[in-house]
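Chains Z and P, in that order, are what the protein sequence lines are.
Here the first sequence stands for residues 1 to 113, where the numbers follow the working numbering.
Here the second sequence stands for residues 1 to 568, where the numbers follow the working numbering.
No lab work stands behind these hints: they were computed from the structure.
Every residue, glycine too, gets a C-beta built ideally from N, C-alpha and C.
One should not assume that every hint holds.
[What the hints assert, rightly or not] Estimated spans, in silico, between C-beta atoms of each pair:
1) P:GLU14 to Z:GLN59: 43 to 53 Å
2) Z:HIS42 to P:ARG80: 39 to 49 Å
3) P:ARG161 to Z:THR68: 15 to 25 Å
4) P:GLN76 to Z:LYS84: 44 to 54 Å
5) P:LYS167 to Z:LYS84: 52 to 62 Å
6) P:ARG161 to Z:GLU57: 25 to 35 Å
7) Z:HIS42 to P:GLY86: 46 to 56 Å
8) P:LEU61 to Z:GLY32: 55 to 65 Å
9) Z:HIS42 to P:GLU204: 55 to 65 Å
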Amino acid sequence: MNNEEDAISQEFEALAAQDTEAKYILKLYVAGLSPKSKRAIHNIKEICETHLKERYELQVIDLYQNPTLAKGEQIIAVPTLVKKLPHPLRKIIGDMSDEEKLLIGLDLQPQAD
Amino acid sequence: MEEKRKEVGLEILEKSPTGIKGLDDITGGGLPQARPTLLCGSAGSGKTLMALEFLVRGAVLFNEPGVYMAFEETEQELIRNVASLGFDLKKLIAEKKLTIDYVHIERSEIEETGEHDLEGLFIRINQAIDQVGAKRVVLDTLEALFSGFSNTGILRAELRRLFRWLKNKGVTAIITGERGESALTRHGLEEYVSDCVILLEHVERNHIYTRRLRIVKYRGSKHETNDFPFLIDDDGISILPITSLTLDHGVSNERISSGVAALDEMLGGAGFYRGSSILISGTAGTGKTSLCGHMAEAACRRGEKVLYLSFEESSKQIMRNLGSIGLHLEQWQKKGLLQFHAERVSIYGLEAHLTSMHKLIDAFKPAVVILDPINAYLSNDDELEAKTMIVRLIDYIKSNYITGFFTNLTAGASVEETTDMKISSLMDCWLLLRDIEENGERNRGLYVLKSRGIANSNQIREFLITAQGVELKEVYLGSTGILTGSSREVQELLDQEEEMRLEEKIKQLELVLERKQKAIQTQIELSEMQMKSDEIEIKDKIDALKRQHKRIDLKRQVAQTSRTKKGA
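Start from the sequences, fold in the hints, and give me the full structure.
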């Protein structure tokens, strides 16, 4: 029993360690090139470059051109950033101007316990 | 209606018919076209169902495809929930007459990081509208947004924009909202929707819950302001009244038999008017149901359909009892001309009951409807409500040219007429059956209390229930007043005896006369005979004398001859 539990916790720790290096797949949904959209694109790119250099994929999608995606991705507000990976799935809405909240949403919050 | 408006040339609010039974009547044609309507009510009051029925009816009846934006239930859940009401959403979706978009809002998944708007939702609604060419949109319920987004400032601004946008889109929309404690909706949606607000409620009265609907506001249109009960059953929603209260139904000059010849005789010799409302009131056991039986029998015999609604007896019991007086209704039931429907009023609320009756009438299309007894409603605590219900029912029956036959069980002899006053004014013809008590007997009497447009008899008739059905007898008018029952029979017997006595006397006298005539005749004959014999006798005498005379003459001649010979 004890051995088994130890094995699981070891595996978990290994995975967690790996996670900090995990690749981010992000999708930013916007509605046209409004100032809000532009701000959002600018802000998320900056964050990604700062915190996730070399390990992120960011796709910007204009819902006006792909309206069916709004239903499939359950988009209500725009801009919405969808963090597909790593889990859990999270939606971050707004122009990404609140950096602290954005980092929390991306599980990249600074270790400020 | 439409044409009339066009003739006048005024631009009157166009309406989008809902196709929901009764709702179009009380809104004067439907919801405001190309505008949003707020449908609010507490949980379980039927908002989702009504909104969905609006789309289903729109797609099926008016060829107006619809979009359902579901914020609380998934597509599968919705499809399953309304399948029991006969709405086949899957089929409508396959036919591109309906599209459902489940809008999932999960607060825990959302992080707000600055300025945003709800354009995503707009795009989704727009996409759904374009997908089916929708004319109708339901948003059920937008309030879910308030749980998903913390920035209510943005949310409110976006809601305002949404309603404006929907108007520009030219879609007729229903927005549902949860009833708030002090306001119509919890989040004050009513402040955005100014055209039409409908409130649904679930009200308890006498331990019976009824759903009620009220039009709180309808800008630019007349509408009914009362609370209307409504019902959700196998066919969706029905709101009473199915017809609004008007007095412009057509009338018929055709007369129909009551099934009792003597009663027809009392009603100007031809019976009731077709399409009239007839009330028969009387105390217990005065023969109301028997009269109904005759009416049903007569109508079926004419080949007309009869709907018999019984609230106190089962159909089998009624048929058995009527069979004992020679009315065999089973044959008509088998032929499909007679439909029984027996049910206690107390099982449902009044409204539910009446709605189900409306449906029965709609489905069966009878020429005669019999309600036995109508006071099953009046026993309800709320008499005013019961009366309005009956008015609505009578009105409905009348507007469909159906002859209504209602019985009313009354309590005591003196109370009965006042009790009936409550509904008698609605009736065209009122028959009163009453007990006539005398000499330790109870007998039945029938009057025609009123009968609009018919020269009716003013007399009371004795009402007999025999093995051959109902019979009406002329009552005996004696020196002490009317006589019924055995007193009438005794009197009739006495009369008969007297008659017989007189007849015998006449016969006796006739015999005496005959005898006298005979005696005289004989005398005459005797005298004649005497006279004849006398005549013969006298004639003989005359002959003898004549012969004598001749002899004398002869003698004289002989003598003369001899004398001359001597002389010569």
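Each hint tested on the structure:
no.	hint	result
1	P:GLU14 to Z:GLN59: 43 to 53 Å	holds, 45 Å
2	Z:HIS42 to P:ARG80: 39 to 49 Å	holds, 46 Å
3	P:ARG161 to Z:THR68: 15 to 25 Å	holds, 22 Å
4	P:GLN76 to Z:LYS84: 44 to 54 Å	violated, 24 Å
5	P:LYS167 to Z:LYS84: 52 to 62 Å	violated, 37 Å
6	P:ARG161 to Z:GLU57: 25 to 35 Å	holds, 33 Å
7	Z:HIS42 to P:GLY86: 46 to 56 Å	holds, 54 Å
8	P:LEU61 to Z:GLY32: 55 to 65 Å	violated, 39 Å
9	Z:HIS42 to P:GLU204: 55 to 65 Å	holds, 59 Å
Of the hints listed earlier, those the structure fails to meet are numbers 4, 5 and 8, in rising order.
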